[in-house]
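Q: Could you build the full structure based on these sequences and the hints that come with them?
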Amino acid sequence: MSYFVNEKGYYGDFGGAYIPEMLYPNVEELRQNYLKIIADENFQEEFHHLLKDYVGRPSPLYLAGRLSDRYKANIFLKREDLNHTGAHKVNNTIGQILLAERLGKKRIIAETGAGQHGVATATVCALRGLECVVYMGEVDIKRQAPNVARMKMLGAKVVAATSGSKTLKDATNEAMRDWINNPVDTHYIIGSVVGPHPYPDMVARFQSVISEEAKKQLAEQTGNGSPDYVLACVGGGSNAMGMFYHFIDDEQVKLIAVEAAGKGVDSGFSAATTYLGKEGVLHGSRSILMQTHDGQVVEPHSVSAGLDYPGIGPQHAHLFKTGRGRYVSVTDDEALQAGLLLTQMEGIIPAIESAHALAYLEKMNFTGGENVVVCLSGRGDKDMDTYMKYFGL
Amino acid sequence: MNRIKKLFAEKKDILSIYYTAGFPSLDDTLTIAEELERCGADLLEIGFPYSDPVADGPVIQESSKRALDNGMDLKTLFTQLKELRNRVNIPVLLMGYVNPVLQFGVENFCRACAEAGVDGCIVPDLPMVEYETLYQPVFEQNGLTNIFLVTPQTSEERIRKIDGLTSGFVYLLSSSATTGKNLQVSESTEAYFSRIADMKLDNPTMIGFGINSKETFEKACAYANGAIIGSAFVKSLDAADIKGSVQRFMRQFREL
Chain A
1 MSYFVNEKGY YGDFGGAYIP EMLYPNVEEL RQNYLKIIAD ENFQEEFHHL LKDYVGRPSP
61 LYLAGRLSDR YKANIFLKRE DLNHTGAHKV NNTIGQILLA ERLGKKRIIA ETGAGQHGVA
121 TATVCALRGL ECVVYMGEVD IKRQAPNVAR MKMLGAKVVA ATSGSKTLKD ATNEAMRDWI
181 NNPVDTHYII GSVVGPHPYP DMVARFQSVI SEEAKKQLAE QTGNGSPDYV LACVGGGSNA
241 MGMFYHFIDD EQVKLIAVEA AGKGVDSGFS AATTYLGKEG VLHGSRSILM QTHDGQVVEP
301 HSVSAGLDYP GIGPQHAHLF KTGRGRYVSV TDDEALQAGL LLTQMEGIIP AIESAHALAY
361 LEKMNFTGGE NVVVCLSGRG DKDMDTYMKY FGL
Chain B
394 MNRIKKLFAE KKDILSIYYT AGFPSLDDTL TIAEELERCG ADLLEIGFPY SDPVADGPVI
454 QESSKRALDN GMDLKTLFTQ LKELRNRVNI PVLLMGYVNP VLQFGVENFC RACAEAGVDG
514 CIVPDLPMVE YETLYQPVFE QNGLTNIFLV TPQTSEERIR KIDGLTSGFV YLLSSSATTG
574 KNLQVSESTE AYFSRIADMK LDNPTMIGFG INSKETFEKA CAYANGAIIG SAFVKSLDAA
634 DIKGSVQRFM RQFREL
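Protein chains in written order, with the numbering used here: chain A, 1 to 393; chain B, 394 to 649.
There may be inaccurate statements among the hints.
[As the list claims (entries may be wrong)] Lysine-lysine pairs mimicking DSBU-like chemistry, simulated, CA-CA at most 35 Å apart:
{"hint": "1", "chain 1": "A", "residue 1": "K8", "chain 2": "A", "residue 2": "K278"}
{"hint": "2", "chain 1": "B", "residue 1": "K468", "chain 2": "A", "residue 2": "K389"}
{"hint": "3", "chain 1": "B", "residue 1": "K458", "chain 2": "A", "residue 2": "K157"}
{"hint": "4", "chain 1": "B", "residue 1": "K612", "chain 2": "A", "residue 2": "K8"}
{"hint": "5", "chain 1": "B", "residue 1": "K636", "chain 2": "A", "residue 2": "K166"}
{"hint": "6", "chain 1": "A", "residue 1": "K142", "chain 2": "B", "residue 2": "K628"}
{"hint": "7", "chain 1": "B", "residue 1": "K458", "chain 2": "A", "residue 2": "K166"}
{"hint": "8", "chain 1": "A", "residue 1": "K8", "chain 2": "B", "residue 2": "K458"}
{"hint": "9", "chain 1": "B", "residue 1": "K458", "chain 2": "A", "residue 2": "K152"}
{"hint": "10", "chain 1": "B", "residue 1": "K468", "chain 2": "A", "residue 2": "K166"}
{"hint": "11", "chain 1": "B", "residue 1": "K574", "chain 2": "B", "residue 2": "K554"}
{"hint": "12", "chain 1": "A", "residue 1": "K142", "chain 2": "B", "residue 2": "K458"}
{"hint": "13", "chain 1": "B", "residue 1": "K593", "chain 2": "A", "residue 2": "K8"}
{"hint": "14", "chain 1": "A", "residue 1": "K142", "chain 2": "B", "residue 2": "K574"}
{"hint": "15", "chain 1": "A", "residue 1": "K321", "chain 2": "B", "residue 2": "K458"}
{"hint": "16", "chain 1": "B", "residue 1": "K468", "chain 2": "A", "residue 2": "K321"}
{"hint": "17", "chain 1": "A", "residue 1": "K263", "chain 2": "B", "residue 2": "K458"}
{"hint": "18", "chain 1": "B", "residue 1": "K458", "chain 2": "A", "residue 2": "K36"}
{"hint": "19", "chain 1": "A", "residue 1": "K152", "chain 2": "B", "residue 2": "K574"}
{"hint": "20", "chain 1": "B", "residue 1": "K607", "chain 2": "B", "residue 2": "K628"}
{"hint": "21", "chain 1": "B", "residue 1": "K628", "chain 2": "A", "residue 2": "K157"}
{"hint": "22", "chain 1": "A", "residue 1": "K278", "chain 2": "B", "residue 2": "K468"}
{"hint": "23", "chain 1": "A", "residue 1": "K106", "chain 2": "B", "residue 2": "K554"}
{"hint": "24", "chain 1": "B", "residue 1": "K574", "chain 2": "A", "residue 2": "K106"}
[Stated by the list, open to error] DEER-style ranges, computed between Cβ atoms:
{"hint": "25", "chain 1": "B", "residue 1": "E550", "chain 2": "A", "residue 2": "G129", "range": "50 to 58 Å"}
{"hint": "26", "chain 1": "A", "residue 1": "E46", "chain 2": "B", "residue 2": "E580", "range": "35 to 43 Å"}
{"hint": "27", "chain 1": "A", "residue 1": "R128", "chain 2": "B", "residue 2": "K636", "range": "56 to 64 Å"}
The set of hints was computed from the structure by calculation and includes no laboratory data.
Where a beta carbon is used, it is the ideal one built from N, C-alpha and C, also for glycine.
A: Given below as structure tokens:
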């Protein structure tokens with residue numbers, strides 16, 4: 001069985017390009033060119049140069065000693081939090097900006113939830129001198145003020161999405177509307193492994209540097225590049241797909257994707273898509289999404305803005321349906337506690353998104369000595385407000 | 394001859410009106426349809442609402458949201474449409490996004506359309522390749538035609554393919570845009586409309602997106618068999634006076 005995209009843009013039952021005709025020329029242009037551009041030697045050279053000297057890759061694979069003692073397993077943290085701009089998001093924006101340049105695009109648009117992808121996009125636009133417009137839900141603009149300021153300082157225009165629930169889903173709708181209205185000179189940098197084909201595959205390829213490095217680093221440190229478990233949090237699923245990518249065909253490696261249960265999977269305030277969702281179409285691809293009986297998209301909830309999305313990428317839906325990946329969830333409370341635990345045991349303040357993956361370690365039963373890689377997708381600076389309120393700091 | 398073919402065979406300067414089912418009030422759907430026909434509309438596009446209408450501008454986003462808040466869903470719509478053919482004679486298309494159709498079930502949806510006397514559908518985010526491989530037989534068994542959109546960026550090859558897949562009309566977007574913008578007929582727009590006219594398609598053409606006045610309607614009719622008005626009509630609806638507001642709007646285009 002293949003877990004990767006086929007020539008029609010599908011992963012099993014999921015994927016495709018469910019887009020109105022207005023987006024067809026842009027998406028088709030990408031589809032016809034992305035593999036060729038990515039494979040180009042000059043592109044690869046520039047991509048890896050920027051990842052190394054600008055982003056600071058490779059990010060370390062750190063054996064967390066005290067955490068390992070606690071769980072009786074070797075807990076390795078893939079330190080995406082140490083990347084420039086503070087999260088894994090920049091791996092993708094570097095790749096896409098180089099691709100946009102090669103397609104002759106002059107204007108970049110993006111959607112953002114917590115602001116991490118918006119900042120990563122504004123950063124690469126500043127780096128390359130391209131115009132940048134970031135759509136962000138009005139509600140998120142209010143709760144993520146520092147990231148809004150960072151984007152503005154980087155020269156991006158931040159546009160409030162005032163439709164629907166005024167969060168990530170609506171910011172994505174607005175970005176798509178912008179692209180419809182600007183069909184020639186604009187490239188849309190989608191921030192996750194969602195959207196019409198080829199986006200899920202393209203973003204996964206750019207993020208796959210995470211598992212490419214981790215595999216090599218693990219082999220260097222333990223003599224075996226195949227861990228027993230790989231864990232990552234899933235909103236749309238870009239850090240998870242990057243973390244899984246080079247382990248997907250190694251069936252001995254168990255892939256665990258941790259979704260945000262919010263206040264509890266059955267509380268009505270949750271973002272646990274595989275548990276609550278059904279198959280359907282959102283933002284251009286067939287996948288699993290939270291929806292009503294009538295196919296209206298349901299608002300998710302998570303304390304972590306980066307996981308507050310009602311769907312998952314189509315490749316995740318495929319890994320879930322085939323059983324290749326295990327999709328689980330942890331609550332807001334469990335994630336926040338795991339964030340505090342990592343901070344006090346290892347001196348690393350994680351993003352609340354990443355803390356979801358860490359929280360699941362508490363629920364696993366290790367027999368002793370297993371090698372476990374957890375993707376620490378981002379750092380917690382942006383979440384200090386939430387931590388302060390929750391813990392009364 | 395079906396209602397759509399008959400319409401295009403008999404009339405020119407066809408006026409098609411889009412509105413959202415369940416807006417302004419849940420039960421306005423057929424009242425609006427009936428009044429539009431009485432006031433000279435030739436074709437109706439009844440929108441079924443979706444929570445995330447990416448191809449739509451603010452007016453239809455708002456009408457969709459209000460319709461959903463009013464409790465509109467496909468089941469309710471088909472219940473309302475049981476009366477359709479007792480009250481309305483002109484052709485009717487249903488227009489909406491693919492996810493509600495998927496959840497209703499494509500076969501159930503097509504059967505319900507046929508039972509209600511609906512003539513076809515416009516599903517902007519249903520890809521042509523999916524339609525061809527999975528949907529076309531079900532549509533055709535139920536006597537439904539599927540209408541596809543064409544933009545100034547759509548290639549000639551693709552337009553030919555669309556022309557072969559539909560038996561209603563080809564829906565020309567005045568520009569690549571979301572709904573509710575003002576039509577500006579520039580030289581390049583004219584060139585695009587003429588290019589399509591020169592292709593001598595098997596199907597008639599209708600121009601939509603940005604048609605909001607008699608002037609823009611007439612401009613569009615110069616290049617196609619007719620035009621489609623959506624946002625401008627939806628915006629003009631007065632919840633307190635549905636029939637009166639329909640009449641006032643239609644008076645711009647038809648002598649009443």
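Q: Run every hint past the structure and note whether it holds.
A: Taking the hints in turn, this is what the structure says about them:
1. K8/A to K278/A: holds (22 Å)
2. K468/B to K389/A: violated (45 Å)
3. K458/B to K157/A: holds (27 Å)
4. K612/B to K8/A: Outside the cut-off at roughly 40 Å; violated.
5. K636/B to K166/A: holds (34 Å)
6. K142/A to K628/B: At roughly 30 Å apart (the allowed maximum being 35 Å), K628/B and K142/A satisfy the hint.
7. K458/B to K166/A: Answer holds: K458/B to K166/A is near 13 Å, not above 35 Å.
8. K8/A to K458/B: holds (34 Å)
9. K458/B to K152/A: With a Cα-Cα distance of about 31 Å, the restraint between K458/B and K152/A holds, given a limit of 35 Å.
10. K468/B to K166/A: holds (28 Å)
11. K574/B to K554/B: holds (28 Å)
12. K142/A to K458/B: holds (23 Å)
13. K593/B to K8/A: With a Cα-Cα distance of about 31 Å, the restraint between K593/B and K8/A holds, given a limit of 35 Å.
14. K142/A to K574/B: Roughly 29 Å between the alpha carbons, so the hint for K142/A and K574/B holds.
15. K321/A to K458/B: Holds - the C-alpha atoms of K458/B and K321/A are around 32 Å apart, at most 35 Å.
16. K468/B to K321/A: It holds: about 29 Å lies between the C-alpha atoms, which stays within 35 Å.
17. K263/A to K458/B: Given pair K263/A, K458/B holds - Cα atoms ~26 Å apart, limit 35 Å.
18. K458/B to K36/A: Distance ~42 Å between K458/B and K36/A Cα, so the pair is violated.
19. K152/A to K574/B: At roughly 28 Å apart (the allowed maximum being 35 Å), K574/B and K152/A satisfy the hint.
20. K607/B to K628/B: holds (16 Å)
21. K628/B to K157/A: OK: K628/B and K157/A at ~30 Å, within 35 Å.
22. K278/A to K468/B: holds (19 Å)
23. K106/A to K554/B: holds (32 Å)
24. K574/B to K106/A: It holds: about 24 Å lies between the C-alpha atoms, which stays within 35 Å.
25. E550/B to G129/A: 50 to 58 Å: violated (36 Å)
26. E46/A to E580/B: 35 to 43 Å: holds (40 Å)
27. R128/A to K636/B: 56 to 64 Å: holds (57 Å)
Checked against the numbered hints listed earlier, the structure breaks hints 2, 4, 18, 25; every other hint is satisfied.
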